[in-house]
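For the protein sequence lines, the chains are R and H, in the order given. Numbering-wise (this note's numbering), the first sequence opens with residue 1226 and increments by one. Numbering-wise (this note's numbering), the second sequence opens with residue 1229 and increments by one.
The hints are simulated quantities; they were obtained by calculation from the structure and are not laboratory data. The structure presented is a predicted model; accordingly, all values stated were derived computationally and were not measured. Do not take every clue at face value.
[To be verified] Computed list of lysine-lysine pairs in BS3-like fashion (alpha-carbon distance at most 25 angstroms, straight line):
1. H/Lys1556 <-> R/Lys1570
2. H/Lys1368 <-> R/Lys1343
3. R/Lys1256 <-> R/Lys1384
4. R/Lys1345 <-> H/Lys1556
5. H/Lys1556 <-> R/Lys1384
6. R/Lys1233 <-> R/Lys1245
7. R/Lys1623 <-> R/Lys1426
8. R/Lys1595 <-> R/Lys1570
9. R/Lys1595 <-> R/Lys1426
10. R/Lys1245 <-> R/Lys1444
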Amino acid sequence: MTNNSLLKMENISKSFPGVKANENISIEVNKGEIVALLGENGAGKSTLVKTVFGLIKPDSGTITIKGEVMEPGDTAVAIRHGVGMVHQHFQLVPVMTVAENIMLGDEPHRGAFISYAKAKQVVRDLSEKFGLEIDPDAVVEDLPVGLQQRVEILKALRKNVDLLILDEPTAVLTPQEIDELLEVIKNLAKQGVGIIFITHKLREVIAVADRVVVLRNGKMVGTTSPKESNELQLAQLMIGREVIFQLNKGVANPGDVVLEVNDLQVRDDRKLMAVDGLNLTLRAGEILGVAGVEGNGQRELVEALCGMRPTVQGSFKILGIDVTGNSPRSIHSQGVSHVPEDREKDGLISSLSIEENLVLDQYKSEPFAKGWIRNLGAISDYATEMIKKFDIRTPSGKTPISSLSGGNKQKVVIARELTQDAKIVIAAQPTRGIDIGSIEFIHNQLLAERSTGTAVLLVSSELDEILALSDRIAIIYRGKIVATLDSTNVDRTKIGRLMAGASS
Amino acid sequence: MGRILSRINFRSWKFLIGLIVLVTWIYCYVANQDITNSVVASGMRFAMPLALAAMVGIMCERSGVINIGIEGTMLLSGFTGFYVASFTKNIILGLVISILTGVLTSFLHAMMTIKWKMDQIIAGTIINILASGLTSFLYKQGSTIPNTWPIFDIPILSNIPFIGHAFFSQQGPIQYLGLLLIPGIWVMMYKTRWGLRTRSIGENPGSADTAGISVIRMRMINVMIGGAIGGLVGGFICLELVGSFSNNFTAGAGFTALALMIFGRWNPLGAFAAAILFGLAQALATQLQIFGINNVPNQFITMLPYVFTILVLAFAAGKVRPPAAAGKSYEKEKS
């Protein structure tokens, strides 16, 4: 089957100052094969694929593509060899059309002039060939994320790729979009394109991969296929120890009602009613999971409860006090902690250090400030303690947030939000896009909060997460809670139906 | 024709302003043809240097570099062009020197902002301070140039009733060149590969980079083309419109040009239209002064075009959106 071989990486090693990112890794990808690259954050997956795409030059090892040894460390060479890459952060020009984005850099032209008709035809042909429907005239910024990603994939396919690398393609997608993408991936493979995709999500691996390569700490720790393996085994390979998927959470001790939402209405950014007459009660010492397909008002609900978004109608009470319309600071001071959905945008200030981010909500008060002078020593001591307690992996507390991995960033948010005297923790997608080790850690922290009598409102699009943590599950659909179920002996299919809008 | 008509949004503010200007123009033309013609023609003379200066801003900002040094670029190139023309008695050489000075000045700007990744506002300010300091230090009174660029009518076109007199008659060559240059820049920006790439590096340089486009090189060249146009404007003012160099002759025109660029939404034709509007307001103000309206102080009349611009910017232009990457220096993703 040698003529079927597409990519052969042999003994690839790469060190960065202080870290061995890749150590003697050898991988093969055949035509039409889907290889999933699995591993925790910092396991070296990104480094490896960037090596294939020529963004990184390995210290040693060879890369052979279709029997030809490729000169490493040059993107142009990689592209010429038929390697394409879809980056995690899209590289699109938002104000331009789909056709313009796809042709950029290699525009069909007559003289200096662009031939738009030809460019659109190219897009239509590609769409048809690979079954990826898209309007070439649509402006990219008006498209939902899933379609934007499709544009990225088409951009790569246009260059006649034989090997397509997808760097965490599902991290930003909604569940339906993920399903569509997985279909697309299967389709591409059928057409003979070899695919490498990086992910943390085991379900996806099981769903599409022909082969799974697991990396840990820069080393290859196993190659297997989904048929020979299961989620638990894969997870163990990834983190190198037993994972408790069934969290041992014990019985809840619900106390008084701490949050009461009455007939709340909130508009989204497009001024449409996203939360539309929502009712909810949350008790001390319980975890209430809000399950639903993304875009059913979860984000707007959370933002309204934290004071970040105006309400249209209705009210909510915290510990019996009506706080509707109060400022975020005022709601925060009532004992509401918020782990925001978008940690980069709402949770952290990337250019500031870990220390500064850890005291973002307390920098004004003792012991972190005396009068109007900050007490840097106290901040530093406190940060050192938190870094240890929350297992934040960083050289020092002075490191800017921007240089941390996703999991460690989220730990900083969690450390800040969970250490104060919170009565209510509102956690929105608390484990999105982070590695399994961090997920487990954060889950345990949330359970620890619950056992001390804090109420937790957990909003997540990962049903497994909701099921693992919640005491009660509220299903949100089109801005309303359509059902609240007890989490003991729940029926997954019933939840699925409710999430899709069926009346129980 | 039908296709063009169907593309016009009859309820948009642009259409409305255009209509008002046109109706006023026709009305005045009917009332007094001579004065109207001379006001419109002098409006065009006010408009063209501003429009060209706005092109400098567009070339730079579309490729992601904010250039507030237009003022300084024009001042310096007007200065060098004028004195070279004065010493050599050769206005062609003067204009060439003007353009070269513009290119060199913008090269300095490009090096500071693109290569050395300096703050772009500060880089522009440096250019402005450098220009005003140098020119006023070296300024020598009493120099003259042998002649200015000749003024002529464009045959045939100048005979078109109504618009012929406004656009195609009794102007110098650079004024006419501008009429070609501005649509040319528009075509370049929206119809050519170069334009698409330029706009892409001004919006998302990372995207262009992964498509194999050299962001640094494209930015350098665009900024320097902008500089050449800026130099042209300096020479245009000193060697064609005014015929002399006076200290700080730009008097804020570079900044007015930036406002017009924003008003025109970084679109060459939009900025041109904005400049014409502003030029007409200015010509009208001058005309009002000539008429001598006794009970209104002069200052208020000279204020008119600026008040007019502020009003238009505030009420008609609405929310503007600059190129997303303008003002940010580009660094490849660290891997």
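How the hints compare with the structure:
no., hint, in the structure
1, H/Lys1556 <-> R/Lys1570, "19 angstroms, holds"
2, H/Lys1368 <-> R/Lys1343, "59 angstroms, violated"
3, R/Lys1256 <-> R/Lys1384, "17 angstroms, holds"
4, R/Lys1345 <-> H/Lys1556, "31 angstroms, violated"
5, H/Lys1556 <-> R/Lys1384, "29 angstroms, violated"
6, R/Lys1233 <-> R/Lys1245, "21 angstroms, holds"
7, R/Lys1623 <-> R/Lys1426, "32 angstroms, violated"
8, R/Lys1595 <-> R/Lys1570, "29 angstroms, violated"
9, R/Lys1595 <-> R/Lys1426, "46 angstroms, violated"
10, R/Lys1245 <-> R/Lys1444, "9 angstroms, holds"
Of the hints listed earlier, those the structure fails to meet are numbers 2, 4, 5, 7, 8, 9, in rising order.
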